[in-house]
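Number of protein chains: 2
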Amino acid sequence: MKLSSRTRYGMRAMLELALEYGKKPLQIKSIADREDISNKYLEQLIAMLKSSGLVRSVRGPRGGYMLARPPQDILLKDIFVTLEGPILPVECLQHAEYSPHCTDCATRQIWDEIQGAIMGVLQSRTLKDLVDKTGQSRESKNYQI
Amino acid sequence: MKLSSRTRYGMRAMLELALEYGKKPLQIKSIADREDISNKYLEQLIAMLKSSGLVRSVRGPRGGYMLARPPQDILLKDIFVTLEGPILPVECLQHAEYSPHCTDCATRQIWDEIQGAIMGVLQSRTLKDLVDKTGQSRESKNYQI
DNA sequence: AACTATACTACTATAATACTGGGAATACAG
DNA sequence: CTGTATTCCCAGTATTATAGTAGTATAGTT
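Protein chains in written order, with the working numbering: chain A, 1 to 145; chain B, 1 to 145.
Keep in mind the hints are simulated off the structure, nothing from the lab. A portion of the hints provided could be inaccurate.
Any copy will do: because identical chains look the same in the list, a pair fits if it lies in one copy or spans two.
[Unchecked claim] Quick list of in silico lysine-lysine cross-link-like pairs, BS3-like style, CA-CA up to 27 Å: (1) 2 / 23; (2) 29 / 128; (3) 40 / 50; (4) 23 / 50.
The whole structure should be built from the sequences, with the hints applied where relevant.
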């Protein structure tokens, strides 16, 4: 039940993109430098976020990545499920439906509740919320040329 | 963020012990057979639960394992943290305290909230709750000799 | 003494994660 | 139209955690 680096990195990368939203595209290299993440690894994470439609890209010089939608329209849940996937791999192997005397079914209800609780947190927050937390001290700086 | 088999197995094993609470000790073999878990693997999981004080053991013939406390006194959280450990491995590497313009700090707040949400579910339930779900159809059967 | 169970320790297999590297494709600048 | 900056794509590797196996020691019962 540990949170993967994939998701931790990806969330921070998305926050970087959100902080720069509306400006010029951000390059992998910039994000990787700022967040101290391996260049090539981040590239793959962003590819996942791109194929799930959260990020757009521009190729060539002065290209880079940007959010596909404004930060307030991107739920943290969107990012999380893209990178982390579901918590439980499969259904109860023995029963398609709930069976009262199956311990697997009984415990599975708990795991479902937990999944629901996690999603509850992630659905109530957007990237904008993170930007608001991080933003003010960043606005003074200027990362452009 | 996947739930490990360790925890899924362990939770079901604890439920088996809870279903038998007050009766004779349950052997590893019985639990493993009922839950279709590898004998030797389960042995190790129970060892963890024992060293965290949730389970007691009796050696020798007619020995086995039993809950150290009644099911209503064992929070699912107790079982979970024993087997699964914390969600986040370490603190923010850069700051001992919260720093507003650190993306790591901002996202970490979210992870903390998620951890809190999970614990909320697991602290509001005891093994007794699972027994009540599972119990009635089990009471008719007799697993003793 | 013989038997039945836990207790302990070490080993192995598998899978997932976290990277690393090389080159192809694309677009812009001059 | 050439060079260069960037994304894109694919393949490989290292490390770690999980899941499972094996063997033997130890304690308690009969």
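Taking the hints in turn, this is what the structure says about them:
Neither within a single protomer nor between protomers do residue 2 and residue 23 lie at most 27 Å apart by alpha-carbon distance, with minima of 35 Å and 37 Å respectively. With identical chains, the CA atoms of residue 29 and residue 128 are at most 27 Å apart within one copy only, with a shortest distance of 23 Å there and 53 Å across copies. Taking identical chains as interchangeable, the C-alpha atoms of residue 40 and residue 50 lie at most 27 Å apart only when both belong to the same chain, with a minimum of 15 Å there against 44 Å between chains. Proximity of residue 23 to residue 50 under the C-alpha cut-off of 27 Å is restricted to the intra-copy arrangement: shortest distance 18 Å within a copy versus 57 Å between copies.
Violated hint for the displayed structure: number 1, the only one.
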